[in-house]
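Engineer: Below are the chains, spelled out letter by letter.
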Amino acid sequence: MNYHLNNLPERAVKPREKGFTMCMDKGLSLREVEDLIETSGEYIDIVKLGWATSFVYPKLEEKLRIYKEAGIPVYFGGTLFEAFVIRNQFDDYRKVLDRFGLEHAEVSDGSIEMNHDVKCEYIAKLSEQVTVLSEVGSKDAEKIIPPYKWIELMRKELDAGAWKVIGEAREGGNVGLFRSSGEVRSGLVEEILTEIPSEKIIWEAPQKAQQVWFIKLIGPNVNLGNIAPNEMIPLETIRLGLRGDTFHHFLNKERESIF
Amino acid sequence: MNYHLNNLPERAVKPREKGFTMCMDKGLSLREVEDLIETSGEYIDIVKLGWATSFVYPKLEEKLRIYKEAGIPVYFGGTLFEAFVIRNQFDDYRKVLDRFGLEHAEVSDGSIEMNHDVKCEYIAKLSEQVTVLSEVGSKDAEKIIPPYKWIELMRKELDAGAWKVIGEAREGGNVGLFRSSGEVRSGLVEEILTEIPSEKIIWEAPQKAQQVWFIKLIGPNVNLGNIAPNEMIPLETIRLGLRGDTFHHFLNKERESIF
Amino acid sequence: MNYHLNNLPERAVKPREKGFTMCMDKGLSLREVEDLIETSGEYIDIVKLGWATSFVYPKLEEKLRIYKEAGIPVYFGGTLFEAFVIRNQFDDYRKVLDRFGLEHAEVSDGSIEMNHDVKCEYIAKLSEQVTVLSEVGSKDAEKIIPPYKWIELMRKELDAGAWKVIGEAREGGNVGLFRSSGEVRSGLVEEILTEIPSEKIIWEAPQKAQQVWFIKLIGPNVNLGNIAPNEMIPLETIRLGLRGDTFHHFLNKERESIF
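Protein chains in written order, with the UniProt record's numbering: chain A, 1 to 259; chain B, 1 to 259; chain C, 1 to 259.
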């Protein structure tokens, strides 16, 4: 850090299992990737190339190489997995992962109806090849999954071989974990945490108010995902209690008595 | 494309009259223009330098040269045309277009009151010099134009020499074609399409929900405008049914029976 | 400017006391800073490194050098001052300012409770070392300060040595001067202006509608702050009456009779 401040919360450093941040790249140019690494490389644990943007992005191999040289793993969004599966091209998907040298993949069912045992089989199969992140929650705002069901789904997917499970929010932060207004379904999150270890979950939290909510509930080292590239530096200050929103949250209360 | 997916909708390629995308540059740096061309050059058919940003932008000639070398035509936003006209400087405007070597221009009346015959005369006059895009719809949220009137205005402007007509939405997507909430005035759009060929219209649709709506109604090769530079890659995935929003829209229904 | 338009409002040029724009950098890369200077250097009077982003930003000295070479002063957001003060590290803060060669600093109490005499002492002390901007208004949406109190606070802070006072709005534009909806508290602003000279105030106005409101009320040369980098070019057109929102505002009414 550039100067010293006392009384900051302890922040995990890379490589870390907790305090993990997944950054969403939905079409950055190669120079923008270089810039992202320059400004936020220390704070990014993994990058998702959002949904199927990797299909239309023209310099995919160069982009993957830049991230690789920076030691930042990359994976393709779960919607791409679903796009292959619904076309009965799962084997092609496995070859694509190999061809591009990917070491992580996401299994999700946000846009398709899939029997949960089938989903777990995909997780098991893919985890022989790569590290699997699996996503729970629908992209459909109408589908409300009750808390006990979220817990059951997460547990089975971890048992099937998922490294971490992701709580769905989309890029907009308005489905799954969130109400259509963007507000967190807080009872849902608290109930999940009674049963699933926090470090096994990545919470998609694209909006600042959502990031603040998770950091206040779980602490500076909560795992967060779907963070926009230009919100990486701001997020790091929120984790450290150095933005208005969490300013008082990590302070020793006695310190505040000086005024 | 970077890998093969079956059962995708057919997507027009450049040069194209349908499936046309107009990207809005409201002050990109020269490097950002280079980056935009690198990531999205194949998907951009024309660039608008938003409203009068070309007046204050410091490296205009360099910017125009970069777009030109990439084969992407550029035009100045209609508000600039109006700013010249309201000052009685239309001849100056024609000279400006020549001085900067522009081959397209927009004629609009979004911010001024103009007799429609006068507008059509401007279209006719300018179309001797450049390819004209004309815009229908007011930037004033209070002015509701009924559907039959939109159709009449569009038809007359095409007859006067406009290459394509643009349905107004502003950068924010909250006027003209849209309600102040951003919601599409769908009856209006459907009625227009009964009379004016879809390929003659560019629908301004800066917000994702609006893009999705038009793509579902008209198909992957609808003409869309006012797309932000960093939404070009996402838009391309929406056109192809490779983002959650249009995921099922172009799929053969039989394919989905596999689960 | 790139061409000539008659009948534009007079716009102050650098160095200027009025028509001053403070741009908010919340983590731009070095190249993005260079690009910002290229496109908007003439329009930026000062840059704020938002809140405590300077703490976590990895190339702070290089960034400060680039701004310095462009003749653009930089200061650290007021939340950083508060973070040092609440930790009883005010002397460390003064050393940090010296170590990085800063010539401006912000004194604020948006996140902490501070006796106003104490705040004025900080202003007085810091103004021996640097040029001080002081900020009035809370980041807490619940704290409504009545107009007479805003005036009293501003006057005392200017008397204590502040160069200019800043009206608080946050990055989001939803507290202080604004209602939670982002709407301007217009009676408040008008009352302040009866007592405090407009050129001594920087109004934080991150949203376009807010910028438009201030420009219509105070004119093209109002001082505005918390402007996002990619809104600098758009803002300049709004100041000049060259965007729809202020298109008619600075026009000689007689000119408009031509249609």
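Keep in mind the hints are simulated off the structure, nothing from the lab.
A few of these clues could be false.
The list cannot tell twin chains apart, which means a pair is met if one copy fits it or any two copies do.
Within a straight-line C-alpha distance of at most 27 Å, the following computed DSSO-like cross-link-like pairs (lysine-lysine) qualify [said to hold, decoys possible]: (1) LYS18 / LYS95; (2) LYS143 / LYS14; (3) LYS95 / LYS143; (4) LYS143 / LYS59; (5) LYS59 / LYS149; (6) LYS143 / LYS208; (7) LYS95 / LYS149; (8) LYS149 / LYS216; (9) LYS125 / LYS208; (10) LYS156 / LYS125; (11) LYS208 / LYS59; (12) LYS200 / LYS18; (13) LYS59 / LYS156; (14) LYS14 / LYS68; (15) LYS95 / LYS125; (16) LYS143 / LYS18; (17) LYS200 / LYS216; (18) LYS200 / LYS14.
Engineer: All hints, please: hold or fail.
Structural biologist: Verification of the hints:
1. Within a single copy, LYS18 and LYS95 get their C-alpha atoms no closer than 31 Å, and across copies no closer than 34 Å, so neither meets the 27 Å cut-off.
2. Taking CA atoms no more than 27 Å apart as the test, LYS143 paired with LYS14 passes in neither setting, with 36 Å inside one copy and 40 Å between copies.
3. With identical chains, the CA atoms of LYS95 and LYS143 are never at most 27 Å apart, being 32 Å at best within one copy and 55 Å at best between copies.
4. Proximity of LYS143 and LYS59 under a CA criterion of 27 Å is satisfied in neither setting, with 36 Å inside one chain copy and 45 Å between copies.
5. Within a single copy, LYS59 and LYS149 get their C-alpha atoms no closer than 40 Å, and across copies no closer than 46 Å, so neither meets the 27 Å cut-off.
6. Taking CA atoms no more than 27 Å apart as the test, LYS143 paired with LYS208 passes in both settings, with 24 Å inside one copy and 21 Å between copies.
7. Proximity of LYS95 and LYS149 under a CA criterion of 27 Å is satisfied in neither setting, with 33 Å inside one chain copy and 55 Å between copies.
8. Taking identical chains as interchangeable, the C-alpha atoms of LYS149 and LYS216 lie at most 27 Å apart only when both belong to the same chain, with a minimum of 25 Å there against 33 Å between chains.
9. Taking the shortest Cα distances, LYS125 and LYS208 never come within 27 Å of each other, neither inside one copy (36 Å) nor across copies (35 Å).
10. In this assembly of identical chains, the alpha carbons of LYS156 and LYS125 lie at most 27 Å apart only when taken from the same copy (14 Å versus 61 Å across copies).
11. Taking the closest pair of Cα atoms, LYS208 and LYS59 come within 27 Å of each other only across two copies (24 Å); inside a single copy the shortest separation is 31 Å, beyond that limit.
12. For the homomeric pair LYS200 and LYS18, the shortest alpha-carbon distance inside one copy (9 Å) is at most 27 Å, but the shortest distance between copies (47 Å) is not.
13. Taking the shortest Cα distances, LYS59 and LYS156 never come within 27 Å of each other, neither inside one copy (37 Å) nor across copies (44 Å).
14. Taking the shortest alpha-carbon separations for LYS14 and LYS68, only the intra-copy value of 15 Å comes in at or below 27 Å, while the best inter-copy value is 33 Å.
15. Taking CA atoms no more than 27 Å apart as the test, LYS95 paired with LYS125 passes inside one copy only; the shortest distance there is 13 Å, against 57 Å between copies.
16. Proximity of LYS143 and LYS18 under a CA criterion of 27 Å is satisfied in neither setting, with 30 Å inside one chain copy and 36 Å between copies.
17. Only within a single protomer do LYS200 and LYS216 lie at most 27 Å apart by alpha-carbon distance; the minimum there is 18 Å, versus 38 Å between protomers.
18. Taking the closest pair of Cα atoms, LYS200 and LYS14 come within 27 Å of each other only inside a single copy of the chain (16 Å); across copies the shortest separation is 46 Å, beyond that limit.
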